[in-house]
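Asker: What follows is the residue order along each chain.
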Amino acid sequence: MTEAAFRETTAEPRTQSVPLSHLSLELGHLYMEDFEAGPHRLREHFTQVRPWVEAARAAAAARTGGRRPRISTCFLIDDYFTRFSSPRELVPLLLAEADRAGLRIDYLARESGCAVTGKVPVAQAVAARIVESPPPGSYGNRPPAAQTGWLANGERSPVARAPQAMKPATAWQPPQETAARRHSVFLDVELWNDDADGHRTWSCPFLAAVWQLARLGLLRHEGEPLFTPDAHTGQDFPDDWDELPSLVRLNARADPFAAYRTCSVLPNRFLPVEHAVRVVLDQTEVDTAALRQVAERSAREGVPVPDSVADRVSYVFYAGP
Amino acid sequence: MLACGEIRTCLLPTRQALDIRAAAQLLGLRADERVLLSERPNLYARSPETLTGVDCPLPSANGARVRAVGTVAARAALTEGRVLQTSAYFRLPATGPDQRRPWGHYLVRPGVLEPFGKLPHEAVAHGVLDGGRHGDLDVGLIADGLLTRLLRHPLLDHCPPLRSRPTRLRWAALPAHPGEGPSLERFTLAEDELRTVRLRVPEDTDSAEIAVLCDDLALHDWLLTTLVRMLDGIALGSGTPPRSRPGAPERPAVLAALRPAVDHLLHLWMPRARVAAELAPLWEALEERPGFTRQWLALVQRIRDQLALHAIPALYREVEPAP
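Residue numbers (my numbering), protein chains in the order written: chain A, 72 to 392; chain B, 30 to 352.
Heads up, some of the hints might be wrong.
Now the in silico label distances, taken between C-beta atoms and shown as ranges [stated by the list, open to error]:
hint	chain 1	residue 1	chain 2	residue 2	range
1	B	Gly-57	A	Glu-107	40 to 46 angstroms
2	A	Arg-128	B	Glu-68	34 to 40 angstroms
3	A	Thr-153	B	Leu-191	40 to 46 angstroms
4	A	Glu-295	B	Leu-191	55 to 61 angstroms
5	B	Gly-57	A	Arg-253	26 to 32 angstroms
6	A	Glu-314	B	Glu-68	41 to 47 angstroms
7	B	Gln-54	A	Val-256	40 to 46 angstroms
8	A	Glu-295	B	Glu-232	52 to 58 angstroms
9	A	Ala-302	B	Arg-181	54 to 60 angstroms
10	B	Gly-164	A	Ala-133	46 to 52 angstroms
11	B	Leu-191	A	Asp-382	40 to 46 angstroms
Keep in mind the hints are simulated off the structure, nothing from the lab.
All residues carry an ideal CB built from backbone N, CA and C; glycine is no exception.
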């Protein structure tokens, strides 16, 4: 077939691609209370993280078959749930402690950026992309998106009704994980809640799922990439978290932020959160064109990504506070 | 490979056609994805795709209950701001695994349902076109759900300029015989505004493109159906026109009945406007018999003739000298 002579750009989908590393390595994901605990908590964290970072680098090198793998490191600071201190005070402290442990943070991100980046309501857009895993027997009768603010990995227990006169109460029915292997590990994740004024607060696991999609280079807004890093110029950091870009590149020579795969080194209290992240990722339909771009490029490089987005994500959980 | 789908076509329930910006608002099903807008050869807007997860038996003619898991794609389109269509479709590979895989596996294959084991093509194509039993996959429900969602949009005033009925069109595309091109095997007009289309297409045909072709067939079939209904049983001739209220200028009933067709429908006929080049020849079968465009032109001519007839006395009166 010959290509059409007439084209109309608004009638064609377009999706910009993003530069990609082999691995996005997260050196930590800390909350304000971790910073409040003082520099020794950061020092302890990075000391624990260090050997696993080496291991993750070695594993990435093994996958690229000896070629130098492109690896970028990142760190996420929570400024969404609580605000503490200022970037001017905190960021230099963080970088100093990482440096002391022999680690370099290439990119620094703010958790608020996972809710809204610039003017784009990222979390809301991702929530609209949730396609719930259908329990057997779904023939097209289920609404396509989570309406309740909860997302499960299976079927919930039926709601017990108050027994009516002359009728026995129905027996309790267990919930069921859809992909269970013999026995269920049922998980129901709260994605958001609304306060009395209708203000929506996204949950930590949901924002962490958005964060994973950002690191996998799969977020787009009308075809444009989201989470493009701003270079940090000058010495000082701003006094207000809102003045810090959602994603800052601290190392001018860093490999690209987004990557084929991600690895996060976290203390094991994050285990339930990251289980929830998997449940969200497993039921989120990402931009088809972005998905294709990543699959094609990784296959060309000889390091094909797993089909399923959730399988591109890996973790190291260390014993720690 | 087997691709199937179902389409709802209806008049947009608004007094005036929506302009292209309003169309983009109506069809913005997703905050992060653009509505595709096109102005050539006619005004046309198409929503991003939404997915619905299903895990159920496929409808089949021989009672084989083949289970399939995956996602059905659905989207909506608005032509000239006037005709709204929702279209749900899916594709089935010839074989699939014997057990359900993690959901993420299906989500990276939008609009694909994987059967458990081998797919009985012929039986399932029959089943889809005839409609399944309760509990079988029902893509019509998905097209309906999207239409209901759109019809709740605040942009719509629910004052349509003419009476019309929505139509449903079910389609199934079986693989073409080796070495053969696409063909339209049967187009059936059934009762209850249901139409069924049975196609054969080469294996590598994109199911979204087949859906575009079937949307186009559904749109033009709806236009014909609506115009036929409008003229069916209409009192023609120059009978004494009823006065709507005393003192009001005379307005023949025929004019009142036909005027909305001129205002809102006659410019919409444009077969194959967005159909892929390799599928466009399928229209020829319908042009040959029963002759979709032939019938349309006859109806249009009839409407214009009626309007012309009614224009003559008025002109005549105008040139008459005052007493």
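Asker: Work down the list of hints and note, for each, if the structure agrees.
Answerer: Do the hints match the structure? See the list:
no.	hint	in the structure
1	B:Gly-57 with A:Glu-107: 40 to 46 angstroms	holds, 43 angstroms
2	A:Arg-128 with B:Glu-68: 34 to 40 angstroms	violated, 53 angstroms
3	A:Thr-153 with B:Leu-191: 40 to 46 angstroms	violated, 59 angstroms
4	A:Glu-295 with B:Leu-191: 55 to 61 angstroms	violated, 41 angstroms
5	B:Gly-57 with A:Arg-253: 26 to 32 angstroms	violated, 44 angstroms
6	A:Glu-314 with B:Glu-68: 41 to 47 angstroms	holds, 42 angstroms
7	B:Gln-54 with A:Val-256: 40 to 46 angstroms	holds, 43 angstroms
8	A:Glu-295 with B:Glu-232: 52 to 58 angstroms	violated, 35 angstroms
9	A:Ala-302 with B:Arg-181: 54 to 60 angstroms	violated, 46 angstroms
10	B:Gly-164 with A:Ala-133: 46 to 52 angstroms	holds, 49 angstroms
11	B:Leu-191 with A:Asp-382: 40 to 46 angstroms	violated, 53 angstroms
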